[in-house]
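Student: Chains as they are written, first to last, in my numbering: chain A, 467 to 559; chain B, 231 to 370.
By construction, these hints were calculated from the structure, which means they are not laboratory data.
Where is the CB? At the ideal position from N, CA and C, for every residue including glycine.
Certain hints may be false.
As the list claims (entries may be wrong) - To spell it out: a stretch of chain A is covered by chain B in this simulated footprint if at least three of its residues, at any positions, have a beta carbon under 8 Å from a beta carbon of chain B; those stretches are:
(1) 469–482
(2) 498–507
(3) 528–539
(4) 544–555
Said to hold, decoys possible - Here are the simulated distance ranges between beta carbons:
(5) 474/A with 336/B: 21 to 29 Å
(6) 269/B with 492/A: 47 to 55 Å
(7) 239/B with 540/A: 19 to 27 Å
(8) 526/A with 318/B: 19 to 27 Å
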Amino acid sequence: MSATLLGGALLVAQLMLVLAMALAGWRLFQGPRAQDRVLAFDALYLDALLLVLTFNVGSASTLYFEVALVMAVFGFVSTVALSKFLLRGEVIE
Amino acid sequence: MSAAELPLWAAIVMSLLVLIGAGLALAGSIGLLRLRTFYERVHAPTLAGTLGVTCILVASMLHGSLVEGRPVAREIVLGVFLFLSTPIALLLLVRAALYRDHVAGDRSVPAADTGRPDDDPSGSAKRARDASHAAPDQTQ
Numbered sequence: 467m468s469a470t471l472l473g474g475a476l477l478v479a480q481l482m483l484v485l486a487m488a489l490a491g492w493r494l495f496q497g498p499r500a501q502d503r504v505l506a507f508d509a510l511y512l513d514a515l516l517l518v519l520t521f522n523v524g525s526a527s528t529l530y531f532e533v534a535l536v537m538a539v540f541g542f543v544s545t546v547a548l549s550k551f552l553l554r555g556e557v558i559e
Numbered sequence: 231m232s233a234a235e236l237p238l239w240a241a242i243v244m245s246l247l248v249l250i251g252a253g254l255a256l257a258g259s260i261g262l263l264r265l266r267t268f269y270e271r272v273h274a275p276t277l278a279g280t281l282g283v284t285c286i287l288v289a290s291m292l293h294g295s296l297v298e299g300r301p302v303a304r305e306i307v308l309g310v311f312l313f314l315s316t317p318i319a320l321l322l323l324v325r326a327a328l329y330r331d332h333v334a335g336d337r338s339v340p341a342a343d344t345g346r347p348d349d350d351p352s353g354s355a356k357r358a359r360d361a362s363h364a365a366p367d368q369t370q
């Protein structure tokens, strides 16, 4: 009973997160300007991180949590690097 | 203890938390797609970045604690990191967007404080000159 409930809720949540990723991907595709694409990329990364975390809720291993941790670091670094590029035209001065 | 042996109250609480978190992420992405200007759109994904992350992390902590039979708090590390990194990244992005809008000639946004010496001295005079003949178009 509880496994069915949690499994169904996790499936629905994962589908919602995939839809959220698709919407962010549409904004990434559409633009119109570079900062919109960077923002959409950041949102896409965050939604993917939440998707991995929902996998973590359903499993007994801690592997998904470590994946989410690495994704958080990479998402932050990539957004900062892209913002820096938009601001200055170069990443490392 | 596998997922089949979780108590019913825990399953209900975790299901609600995960659904609320995913719903907030979906709402943030819908806002990202539907809002009109970039400066409105910046707000939308932070919905997923704050409350959405919190809900799913609390569900993950609850599940980990019940499965491992001891209090698990490693998710707090991820929460603290995301809460610190999201404002920094978005602040840098908005600063870059302000700078780009200013360079592109959009006078409906304030000038960004980029720390560049060549931006500042003529800034106020330029703004005063442009205000006399530029049509204020807030919907750009």
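Student: Determine for every hint whether it applies to the structure shown.
Tutor: Results for each hint:
By the rule of at least three residues with a Cβ nearer than 8 Å to a Cβ of chain B, the coverage given for the stretch 469–482 of chain A holds, with 11 such residues. A count of 7 residues in the stretch 498–507 of chain A with a Cβ less than 8 Å from any Cβ of chain B is obtained; the coverage claim is therefore met, three being the minimum. Residues of the stretch 528–539 of chain A with a Cβ under 8 Å from some Cβ of chain B number 6, which satisfies the need for three, so the listed coverage holds. With 7 residues having a beta carbon nearer than 8 Å to a beta carbon of chain B, the stretch 544–555 of chain A meets the requirement of three or more and the stated coverage holds.
Roughly 48 Å separates the CB atoms of residue 474/A and residue 336/B, a value that falls outside the hinted 21 to 29 Å. For residue 269/B paired with residue 492/A, a C-beta distance near 20 Å fails the hint of 47 to 55 Å. Here the CB-CB span from residue 239/B to residue 540/A is close to 36 Å, at odds with the stated 19 to 27 Å. The hinted range of 19 to 27 Å is not satisfied by residue 526/A and residue 318/B, whose Cβ atoms lie roughly 34 Å apart.
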